[in-house]
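Protein chains: 2
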Amino acid sequence: MTAPRISQLTIIGVGLIGGSIGQAARQRRLAERVVGVGWRRDSLDRALALGALDDATLDPTAAVRQAEIVVFCTPVDQIVAQVVHLAPLCPPGTLLTDVGSTKGAIVRSLDGRLPTTVDFVGSHPLAGSEKRGPEHAVPHLFEGRLTVITPTEQTRPAAVARTRAFWQALGSRVQLLSPEEHDRALALTSHLPHLVASALASILPPEWAELTASGFRDTTRIASGDPSIWVGIFRQNRDALLDALNRLGLRLDDFREALRADDAVRLDTLLSEAKIVRDALGS
Amino acid sequence: MTAPRISQLTIIGVGLIGGSIGQAARQRRLAERVVGVGWRRDSLDRALALGALDDATLDPTAAVRQAEIVVFCTPVDQIVAQVVHLAPLCPPGTLLTDVGSTKGAIVRSLDGRLPTTVDFVGSHPLAGSEKRGPEHAVPHLFEGRLTVITPTEQTRPAAVARTRAFWQALGSRVQLLSPEEHDRALALTSHLPHLVASALASILPPEWAELTASGFRDTTRIASGDPSIWVGIFRQNRDALLDALNRLGLRLDDFREALRADDAVRLDTLLSEAKIVRDALGS
Numbered sequence: 187m188t189a190p191r192i193s194q195l196t197i198i199g200v201g202l203i204g205g206s207i208g209q210a211a212r213q214r215r216l217a218e219r220v221v222g223v224g225w226r227r228d229s230l231d232r233a234l235a236l237g238a239l240d241d242a243t244l245d246p247t248a249a250v251r252q253a254e255i256v257v258f259c260t261p262v263d264q265i266v267a268q269v270v271h272l273a274p275l276c277p278p279g280t281l282l283t284d285v286g287s288t289k290g291a292i293v294r295s296l297d298g299r300l301p302t303t304v305d306f307v308g309s310h311p312l313a314g315s316e317k318r319g320p321e322h323a324v325p326h327l328f329e330g331r332l333t334v335i336t337p338t339e340q341t342r343p344a345a346v347a348r349t350r351a352f353w354q355a356l357g358s359r360v361q362l363l364s365p366e367e368h369d370r371a372l373a374l375t376s377h378l379p380h381l382v383a384s385a386l387a388s389i390l391p392p393e394w395a396e397l398t399a400s401g402f403r404d405t406t407r408i409a410s411g412d413p414s415i416w417v418g419i420f421r422q423n424r425d426a427l428l429d430a431l432n433r434l435g436l437r438l439d440d441f442r443e444a445l446r447a448d449d450a451v452r453l454d455t456l457l458s459e460a461k462i463v464r465d466a467l468g469s
Numbered sequence: 187m188t189a190p191r192i193s194q195l196t197i198i199g200v201g202l203i204g205g206s207i208g209q210a211a212r213q214r215r216l217a218e219r220v221v222g223v224g225w226r227r228d229s230l231d232r233a234l235a236l237g238a239l240d241d242a243t244l245d246p247t248a249a250v251r252q253a254e255i256v257v258f259c260t261p262v263d264q265i266v267a268q269v270v271h272l273a274p275l276c277p278p279g280t281l282l283t284d285v286g287s288t289k290g291a292i293v294r295s296l297d298g299r300l301p302t303t304v305d306f307v308g309s310h311p312l313a314g315s316e317k318r319g320p321e322h323a324v325p326h327l328f329e330g331r332l333t334v335i336t337p338t339e340q341t342r343p344a345a346v347a348r349t350r351a352f353w354q355a356l357g358s359r360v361q362l363l364s365p366e367e368h369d370r371a372l373a374l375t376s377h378l379p380h381l382v383a384s385a386l387a388s389i390l391p392p393e394w395a396e397l398t399a400s401g402f403r404d405t406t407r408i409a410s411g412d413p414s415i416w417v418g419i420f421r422q423n424r425d426a427l428l429d430a431l432n433r434l435g436l437r438l439d440d441f442r443e444a445l446r447a448d449d450a451v452r453l454d455t456l457l458s459e460a461k462i463v464r465d466a467l468g469s
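Respectively, the protein sequence lines represent chains A and B. According to the numbering used here, the residues represented by the first sequence are 187 to 469, in order. According to the numbering used here, the residues represented by the second sequence are 187 to 469, in order.
Only chain A is shown next, with the shape it has when bound in the complex:
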């Protein structure tokens, strides 16, 4: 690692993602001190016990006063308010970033709204699971995974470079996208699958639960995610998600027509196209 050591890394929200950032930063000796902010003492105590933090506090204002980098790992519908509240309390030069699954609403709301002494750059590490809480954190969560960084026209290049170095130091690869392109892509690659998994899970009659196997379980696994988190994501990325849902609907219509017509060739084509795409992704 060639980046200079961070004096203090502050993590707002120490769940699966925040806890994993803390564990990775501490194992990699990325920061002199990793400070976590939470809303429940027991959750912070677990994060401390799991090696995710050097110090923990319920007071976010105290936690940012000496921060060099602050990462917001809170639900997407809380990030803007928290950043607006805490940015003025950060020392000059502080880099603020987040891990939210939506970027447009967050990044555009913050553009031009923060003190010029600090920088905010949107990030989204494509890592996580349907699980919650620091007990599911793992220090290798970001290794080999992709983090998308979403600068705007107003983002200073030096801040982008610092954000990139931060995620790379955690083991992640980095890609830059506009907030809008991020949101269009993630609507299809993440938010729509969540919606579909939920729709599929919810139409299962209880008496048929015994008749599910790995196919149903795989396809619906993410429906176990926290509803309140996902309501926020869906609402912040509503337009792109509706577009993605319409695209899926058209393809479901193709299947429906091929089934109605008992068209073996068409069904084979539809399934073969999907197999090519899926095989290319690997396991």
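Heads up, a few of these hints could be off.
[Claimed, not checked] Interface residues of chain A toward chain B, partial, derived using beta-carbon atoms under 10 angstroms:
#1 226
#2 240
#3 251
#4 268
#5 271
#6 274
#7 379
#8 386
#9 387
#10 397
#11 450
#12 455
#13 456
#14 461
#15 465
#16 468
Hints in this document: simulated from the structure, not taken from any laboratory. Quick reminder that beta carbons are idealized off the backbone N, C-alpha and C, glycines included.
Fit chain B to the given chain A structure using the hints.
Chain B only, in chain A's frame:
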């Protein structure tokens, strides 16, 4: 195992399922001899090397002449013709069964069409994966899993009991359903998830493949299944699959309306209902 040892178990089609039956039967010393029938010598050689068979042949007629139990592990659209062809060549008292993912079309086609000296009972072990071939066989595939047996009014109770004992001896639990109820349930628990996974995979633009994470991968994993196998399954269970697709469509409409209305409460309800169902299934 209290069931008497089977003199010869013949497996028609030695892929993932057939190979796993062979491995389990041999490890559990369930049969004096396990004979596999295939269509390619190299596939049979792999099955022999993997301990799935005592003997292998390309000639199904030779393989059934001394069989006590014959299990058809071939695509659903081939099973009926194979059973009709081979049943008259089996010794009196032979039990024939299958592992097809659809049951109505197979079982109803065979009712009353076989020599009275043998029995056919439909089976469907709810096990497998998107993978193919004997190299993916595992002897524990059926342990703790459910096998559905689908007798009709014409099935002799003694044949049902033998079929049940066979699957239990492989480590499976057993449930009896009518072929039609099996197909209605599996349309929703297996065939619809496959269709949805395929639809989702196929609308992914290649340039966004990098932006997928475990959610997309889980949700679409089964789209890697063999299209020709699944065309047969979809066509044999067309009506029930169309019904299941309509049910899913109604729930997707619920999500679409809630998104359009930006209705946080309704979105939360939809996601929460799904989470309850999915959490109850376990990982």
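Hint check results:
1. For residue 226/A, the suggested interface contact is broken, since its CB lies about 21 angstroms from the closest CB of chain B, more than 10 angstroms.
2. Hint status for residue 240/A relative to chain B: violated, with the closest Cβ pair at about 29 angstroms, above 10 angstroms.
3. Because the beta carbon of residue 251/A sits about 34 angstroms from the nearest beta carbon in chain B, more than 10 angstroms, this interface hint is broken.
4. Because the smallest distance between the Cβ of residue 268/A and any Cβ of chain B comes to about 19 angstroms, over 10 angstroms, the interface hint for this residue is violated.
5. Interface hint status for residue 271/A: violated, as the beta-carbon distance to the closest one in chain B is roughly 22 angstroms, over 10 angstroms.
6. Annotation: residue 274/A was flagged as interfacial toward chain B, and the flag is violated, the nearest CB pair being 29 angstroms apart, outside 10 angstroms.
7. Because the beta carbon of residue 379/A sits about 4 angstroms from the nearest beta carbon in chain B, less than 10 angstroms, this interface hint is met.
8. Among the interface hints, the one on residue 386/A holds; its C-beta lies about 6 angstroms from the nearest C-beta in chain B, closer than the 10 angstroms criterion.
9. Interface restraint check: residue 387/A against chain B, minimum CB-CB distance 4 angstroms, threshold 10 angstroms, status holds.
10. Annotation: interface hint on residue 397/A holds; nearest CB of chain B at approximately 5 angstroms, less than 10 angstroms.
11. With a least beta-carbon distance of about 5 angstroms to chain B, the hint placing residue 450/A at the interface is held under the 10 angstroms criterion.
12. With a least beta-carbon distance of about 8 angstroms to chain B, the hint placing residue 455/A at the interface is held under the 10 angstroms criterion.
13. About 7 angstroms separates the beta-carbon of residue 456/A from the nearest beta-carbon of chain B, less than 10 angstroms, and the hint is met.
14. Satisfaction of the interface hint for residue 461/A is found here, the shortest Cβ-Cβ separation to chain B being roughly 6 angstroms, below the 10 angstroms cut-off.
15. For residue 465/A, the suggested interface contact is upheld, since its CB lies about 5 angstroms from the closest CB of chain B, less than 10 angstroms.
16. Here the hint on residue 468/A is kept, as its CB sits about 8 angstroms from the closest CB of chain B, short of 10 angstroms.
In summary, the numbered hints that this structure violates are 1, 2, 3, 4, 5 and 6.
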